[in-house]
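**Student:** Residues per chain, in single letters:
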Amino acid sequence: MKRREFLRVGIGALASLPVGACIQLTPGESTNVPSAPRAKKKRARIDYQTAQRTSGVCLNCSTVCGIVGYVVDGELRKVAGNPLDPNTAGTLCAKGQSSPTIASYADRLIYPLRRVGKRGEGLWKRITWEDALEELAQKIGAARAAGHPERVAVHVGRSRINDVITRFLNAIGSPVLLNHRALCSLNKRAANYATIGDQDWETVDAERTKYLLNFGANFYEAHQGAIHFLRRVVRGRFDNGAKLVTFDVRLSNTAGRSDEWHAPLPGSEGAIALAIGHVILRENLHDAAFLERWCNVSIEELREFYAPYTPEWAAEKSGLEATTLERLAREFAGCKPRCAAFTNRGSQAHYNGFGNDRAVVMLNALVGSLGQEGGYCWISGEVSATKFPPPEPVPPAPKLRTDLEDPPEYPLANHWQKMRVGQIVYAYLQERRAKLEVYLSYTLASPLTWPEGRSRTVDVLKDEELIPFHACSEVVYSETAHYADLLLPDATYTERWGLDGRNSYELQPYVLLRQPMTPPPGEARSFADVLIQVGKRLGPEVAPYFDFADHEAFVRAQCAKVPQGSYASGFDRLKAEGAWVESEKPKAYATFERALKPDELEGSTTDPATGIVRKKNAKGVEEAIGLVVGGVARAGFKTPSRRFEVFSAIVKTAAAKVGVPDDGFPRYVAIPAHEAMTDERLHLVTFKWNVHTQGRTAPQKYLTEIVHSNPLWIHPSAAEPRGIRTGDAVELTTFRPLGQTYQPTGAELGKAVVRAFVTEGIHPRVVALSNSLGNAFGGRIATARNASREEHAGLGEGADDPDLERGIWWDAARGGSGAGFNINAILPIQPTPVTGMQAWYDTVCTLRRV
Amino acid sequence: MTSPRYAMAFDLERCTGCHACSVACKVENEVPLGHYRTKVYYQDTGRFPKVHRSFLPVVCMQCADAPCMKACPTGSIQRGEDGIVRIDQGSCDATGACVSACPYGALYVDPGHQVADKCDFCSHRLEAGLEPACVETCPGETIVFGDAADPESKISRFLARHRDELVALKPEKGASPQVLYRGDARALEAKVPEGRNHAPESYEIETWSARAPEQGQGGAEVQR
Chain A
0 MKRREFLRVG IGALASLPVG ACIQLTPGES TNVPSAPRAK KKRARIDYQT AQRTSGVCLN
60 CSTVCGIVGY VVDGELRKVA GNPLDPNTAG TLCAKGQSSP TIASYADRLI YPLRRVGKRG
120 EGLWKRITWE DALEELAQKI GAARAAGHPE RVAVHVGRSR INDVITRFLN AIGSPVLLNH
180 RALCSLNKRA ANYATIGDQD WETVDAERTK YLLNFGANFY EAHQGAIHFL RRVVRGRFDN
240 GAKLVTFDVR LSNTAGRSDE WHAPLPGSEG AIALAIGHVI LRENLHDAAF LERWCNVSIE
300 ELREFYAPYT PEWAAEKSGL EATTLERLAR EFAGCKPRCA AFTNRGSQAH YNGFGNDRAV
360 VMLNALVGSL GQEGGYCWIS GEVSATKFPP PEPVPPAPKL RTDLEDPPEY PLANHWQKMR
420 VGQIVYAYLQ ERRAKLEVYL SYTLASPLTW PEGRSRTVDV LKDEELIPFH ACSEVVYSET
480 AHYADLLLPD ATYTERWGLD GRNSYELQPY VLLRQPMTPP PGEARSFADV LIQVGKRLGP
540 EVAPYFDFAD HEAFVRAQCA KVPQGSYASG FDRLKAEGAW VESEKPKAYA TFERALKPDE
600 LEGSTTDPAT GIVRKKNAKG VEEAIGLVVG GVARAGFKTP SRRFEVFSAI VKTAAAKVGV
660 PDDGFPRYVA IPAHEAMTDE RLHLVTFKWN VHTQGRTAPQ KYLTEIVHSN PLWIHPSAAE
720 PRGIRTGDAV ELTTFRPLGQ TYQPTGAELG KAVVRAFVTE GIHPRVVALS NSLGNAFGGR
780 IATARNASRE EHAGLGEGAD DPDLERGIWW DAARGGSGAG FNINAILPIQ PTPVTGMQAW
840 YDTVCTLRRV
Chain B
0 MTSPRYAMAF DLERCTGCHA CSVACKVENE VPLGHYRTKV YYQDTGRFPK VHRSFLPVVC
60 MQCADAPCMK ACPTGSIQRG EDGIVRIDQG SCDATGACVS ACPYGALYVD PGHQVADKCD
120 FCSHRLEAGL EPACVETCPG ETIVFGDAAD PESKISRFLA RHRDELVALK PEKGASPQVL
180 YRGDARALEA KVPEGRNHAP ESYEIETWSA RAPEQGQGGA EVQR
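Protein chains in written order, with numbering that gives the first Met the number 0: chain A, 0 to 849; chain B, 0 to 223.
Hint data in this document are derived by calculation from the structure and do not stem from the laboratory.
Here are some, though not all, of the chain B residues that point toward chain A, as calculated from beta-carbon distances under 10 Å:
#1 C24
#2 G33
#3 H51
#4 Y202
C-beta: ideal position from N, C-alpha, C; glycine also.
Using the sequences and the hints, build the whole thing.
**Tutor:** Set out below in structure tokens:
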């Protein structure tokens, strides 16, 4: 459709757009009628005596804190932390505090829209939900009728409704649930699985610790469980005298506030951890009793394994002083068992990240801090189907597989849990390794947040042969939405249902209830409800799995086993209190030492050679349930040997399957792309700010007011020879990786022009740019454009926000620094060998002033 | 019943620079973009690899000898018995004299509603028995608040315990600021503007360095 013809169709702000009329949503190209006049009078402050108080769960980042919302005259005016959430005790970060600005954002999507014109042209027609649901049912039904349910994929960002999504996919027979775990925490989780057998992020007992060795985590700003951990680290440090030592290539807020900051070369974290382990064993600072009792290799084997990893060797790899590593080893082990070594992306998002993270976890075993007070603890935060059963009947999982959700090159990605390898999805579609008919995207900002995002990702999203039909559920007109065929306006996390929770730092299980604090605006509807309604339309094979009213009914069923307390039901209890803590359970210290109870042992057998206790589970399959240690059958670790595993047969076998040399020990592997790097080349890393997540916070005015600009951090010693000063435009050129990964050609990948920020707070060989900004979509705040609704894409409903008309002081048109840069277009897709984690921080680049 | 005497202090070693206080304040009080009641300054010092980052959260100092009060031509600013300096927005005529008089950049004139505004320890929340929004949300428990007239309150215990370590910002201005800091707050006080509201640009990363920022920013260009 030509723009001229489109204009004749009739134009209106989305709020007043009739069904069947069209609208242009490409930023800067829209034309609209005036919106409602705004209020002139300053409103009264919130009256807390009369405001309606409803508990819920934040989802402005992955930490999912319990919140309480205050609603006045139907508007969510304020969000605070829920004091009953054991992780937060009622505190909240800047992102959580920003929650009301999402719900009231004047540029929200409020009606279902169908694309008219070409995909990515931005022309849309308002349709009814009946039309939208029928079209979804028809497309999915057609794929099933053709015998290809696996050609229906759901691709999610941070959804937290995977219970509903998985039920939907299982019901229609598709295994293709795609996610972003490999862009986030895959290697970290894999390292915990391989060593201690736990599925979650670790839960360091920071409040009681004396010493923390932090390998590349920035929990003062980001991190899953950020403020859960942060507040306990602050207490541990300033109420309990703990020391915090941080290894990071960049001066994050965590690094900048640590007792010691050490900036190693990127990817050398494993070498550092191995050398610290070497010193601990060499100087006999280890916990021999723990190792002899629980480790799956002997102390002699450990000494042999650690022998080559001397501090001098690690100094060469990392650029840190050997004497520093020796000192840190002595200090760390000197605090045992009240000490912990832990990681995040700075360690795990490398080619060798799986080994790095295993080497760090092993430090906790060496000093016997695993499961100890003040040590390295763990507890699952999963909302399990056993404890929270979904409505019957539950559809069985399909037997099919495709390369999209189960790429054979990365056998450990789905070994322990289905972590997937999300970053290869678009590449594999391009290579025709899988075929899709229906692509449902949800809270997925992939053009912005994926490696090769605003390049390969957009190419594939635009290609109607590779993605014949794309329906997108979003709160705002995002960059993913722009390339969809059907737009489903989503409810925010303060407008919908769900059960949620994380690993509890109080080491006791708990759950939180997300419930609507207000109804969604316009016709916005939660994606869970959309799937349930589509499921009902898919005929007698599918519909019986959706024989309940809506997502609320689904969640109510899940709460059947929650004790009712003084309420009419467990569901009512959660609606009133927002949280349920199993406070009678013992804290999850040293769970591996727990003696198995007689009823657990009934019908079990013990392998005389290994001491492993086995028993048939409910499905009749024999599984290990414990280990005889010291003459007592104990729970042990949830690893195949029921011990702490330094050697992993799983890793060895998986690596052999894909031709990667690996003896099952977490040996240090040099990063191929970093070998023989010339001085001309620099390391390029990305990072998160405390007020932003990668994809979802940019439209929130008070967050983006604080951080909207993301220049490239560069050290003076790298800037000066290149003639670069703060504010200069610099051209970055990036290169593909080398080694056993995707397209390891070393060839040039792309160029981008960004602005420089010269700072002492970065390693001289590293440059850094945040991954959160550079939005081209998402409304006026995200794109840093002051405009009236008449001049801008006319979304939302109700009165406009004067801040969006003229308050965006960082608008480049007003001399501000603009909306920032998005660098992901030129970061290569690089899954780590065997596991599949995106090696975000291996990128090699050159830099010149332009 | 005697009035409470509200007081606040910041224990800076606990501050993580997270901006939860700034955002909580802006949402609670509907503060327009470009203006602040609560703000957190950043400063990097040292040379690689010995570099350190400091934070300084700043609110209205509720001065005992408040320059804003003296400057207000309409008498709209009063210090209550509870120690809180408040603006009567009904009689405020938005001349901005208070903004110019403040040594701490604490006041601004709301551009939409044309009234002066500043931190009042979230008086409407205190009336409802709640803590100020910044205090309630602070993950690091950096902000200590309470009734200084009650010896058992958090603030009284904090003030008693750390009496010799506490400093005020810009004491030489003679305003007798009532908000105190534990830690090296004065190392960052040059960042706190005088005679104008906190400049929004002071959040830009280029201002973090202790050295003067250089100019120049702009949009991205990605070539393929």
